[in-house]
Amino acid sequence: MSNGQNERREMTGAEMVVQALKDNGVEHIFGYPGGAVLPIYDELFQQDDIEHILVRHEQGAGHAAEGYARSTGKAGVMLVTSGPGATNAVTPLQDALMDSIPLVCLTGQVPTSLIGSDGFQECDTVGITRPCTKHNWLVKDVNELARTIHEAFHVATTGRPGPVVVDIPKDVQFARGTYVSPQAAPRTSYKPKLQGDLDKIKAAVELMAGAKKPILYTGGGVVNSGPEASHLLRELVDLTGFPITSTLMGLGSYPASGKNWLGMLGMHGTYEANMAMHDCDVMVCIGARFDDRITGRLNAFSPNSKKIHIDVDPSSINKNVRVDVGILGDCGRVLEDMVRLWRATAKADKKTLYPWWEQIARWRARDSLAYKPNPDVIMPQYAIERLYQLTKDKDTYITTEVGQHQMWAAQHFHFDKPNRWMTSGGLGTMGYGLPAALGVQIAHRDALVIDIAGDASVQMTIQEMSAAVQYDAPIKIFILNNQYMGMVRQWQQLLHGNRLSHSYTEAMPDFVKLAEAYGGHGIRCEKPGELDDAIKEMITVKKPVIFDCRVATLANCFPMIPSGKAHNEMLLPDEATDEAVANAIDAKGRELV
Amino acid sequence: MNAQLQPTGSAYFIAKETEKPEIHTLSVLVDNEPGVLARVIGLFSGRGYNIESLTVSETEHEQRLSRITIVTSGTPHVLEQIKHQLERIVPVHRVVDLTVRAHELGQERPLERELALIKVAGTGTERVEALRLADAFRAHVVDANTEHFIFQITGKGSKIDQFIAIMRPLGLVEICRTGVAAMNRGQQGM
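Here the protein sequences come in this chain order: E and L. Sequence positions in the first sequence follow my numbering and run 540 to 1132. Sequence positions in the second sequence follow my numbering and run 68 to 257.
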């Protein structure tokens, strides 16, 4: 990382920024220039090591950096100006905070002498971003700048990863000072605990060895921990023979083609995954956080199980659900110990799990992801299935927006590797997927990158098509177009007497012409019989594509755990009549989100 | 100080909390840097925790460390969350729940003291009575003329509460309290 000759050097603040990015291994940054960052842009202009990707809106820069980070395991970097540049970055910052994505955001600021004077394009950036970052800094002394940026990368990428902001006033960018290399000692107050307590891991292995009805429940933490953690997870599943499910964020860390895979759990998870969570006797939660989309009604959540929770963030343990064994540490490190201890001590008699697997097979037979095929209209689930079948043998990365299409993608697109699935889980940011796809494509030039989108979400950041065209990033925007904000409408049907208040988009752009206007390629498909050929065309075209896939307008996303209900009170597709939908949520559940 | 005593974090937490809220005193050792107090306070307001009292000052000048003493209330589960959430803040070195520590040491509560300045104006018998009572409470007169006193009183919060209540009918004009400073008894540091 560090370069001996650079250890202490005189340079300007703007030079320091570029040098610090290089020293932290940065190759790409996403940004948008403005008055308060011009000195940094001037430095970027005069070098070739770092490629700058010009977006069309700062929110796009943030989500692109998130997609870049999620698909590479490295920090994503964004550079924006003061004032509106910084405030436009707030949504991706909060998104990265909730999904634990390492995101380094550099913001320009008005000169130190003007701070507090309501200057042009001034805002209290550190104040505004304090609750939506893991940490942030305002650098007032150029001699602190290099150290601060190094620390920012360290904080963003270690422990539970997250977003950070470094706010740099314009006079600091011009000032000359001493540059220091990254190896300088990090602050003493920040020391994430990575190695799990061995006694607790032993206790966990003991519980697991005695389980009759165990389940592994994994999350984004396994992906964040790196490829080795996913490898160890697969080893643990093979050794124990336990069934495994995952949150939305954790898809891919255990392969969907693996024989122990139950599918995703939670509000739109499979019947077998949710029933197994409800009825299990030992639950092992690895790098997930018992989010409300996962648990359903808390006082009915997996009532008869002993719970083990592995997490690098102490505040996640015992937050929503109290656990019997809480192991504080990095998933990868803890899994390593767990696998070793299991090999050494536990007798893996997988026969004891046969009755449990038989029970799971009965749940699975309910075929909870089934839908009625339609020869005339493209069912959204069918569109995802065909997309999966036609792309599974390629080097494919999927991003999504937020809504029904996101859940259908999670249910019907299958992931065999980690870092292949980029979605906004915690914050639920519509407009995430298109810029995220751009970020993924910049990191993986030859890969097939597809944003599975909804017609409403995609319009929130559609302008980044222009950036994709500029950088020859052949991203594929696969829109499941039903002309509704489908998930909003689904909730209106569930909660509000089918009064579809403002969830129908009466004026929809012509997505094919829109693609062409941006310099991309547009495809429209309306018939199931034409879908395969259209998808093949999309894959073949070597430029950004908007695929307007016209799907059944009123299809809803099932199975579903309605608000305020427990895992074993799922609404299954074959039971979801209009009446059942209208009465699924009782008065108490209505106030929930 | 918004009273929200049920655990936050889940929209599904509609069941009434059965644990009783307790009042605890936390000691938080932080790097003395710009914004650190805002981070701590922002955490409390953002997550709906209570602050009953807050005291902050630099304690180790050379290491640039400040000590924040927070009196907060919540169920044991919420108090545990508060501690862990505070520990996540990057410039926070240590968080000690002094009340829990006191219980471990077999004591009811940690050593907690407060200082207050109390201005009382009046003449005649009320003035004499105020001075007599101040003496009984071991409050010092730190400023006075013929028509007022400023008393300085230190002690437990309850003692100061009581003193203020007594002074109220005797011409109380103004109160300033420092908030609680606290540490555990015994030779061990935090």
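Just so you know, the hints here were simulated from the structure itself, not pulled from any lab data. Be a bit skeptical, because a hint or two may be false.
[Stated by the list, open to error] Subject to a maximum C-alpha distance of 30 Å in a straight line, what follows is the list of computed DSSO-like cross-link-like pairs (lysine-lysine): (1) E:K798 x E:K886; (2) L:K150 x E:K845; (3) E:K739 x L:K150.
[Claimed, not checked] Covered by chain E, according to a simulated footprint, are these stretches of chain L (three or more residues, beta-carbon under 8 Å): (4) 99-112; (5) 148-155; (6) 158-169.
No residue lacks a Cβ here, since even glycine has one placed at the ideal position from N, Cα and C.
A quick look at each hint next to the structure:
Pair hint K798 of chain E plus K886 of chain E holds up; C-alpha atoms about 21 Å apart against a cutoff of 30 Å. For the hint linking K150 of chain L to K845 of chain E, the alpha-carbon distance of about 25 Å falls within 30 Å, and the restraint holds. Restraint check for K739 of chain E and K150 of chain L: satisfied, since their Cα atoms lie roughly 21 Å apart, inside the 30 Å limit. Taking a C-beta to C-beta cut-off of 8 Å, the segment 99-112 of chain L contributes 5 residues in contact with chain E, enough for the three needed, and the coverage statement holds.
With 5 residues having a Cβ less than 8 Å from any Cβ of chain E, the segment 148-155 of chain L passes the three-residue criterion, so the hint holds. Residue count for the segment 158-169 of chain L with a Cβ under 8 Å from a Cβ of chain E: 3. That meets the three needed, and the coverage hint holds.
This entry satisfies every hint, going by the numbered hints stated previously.
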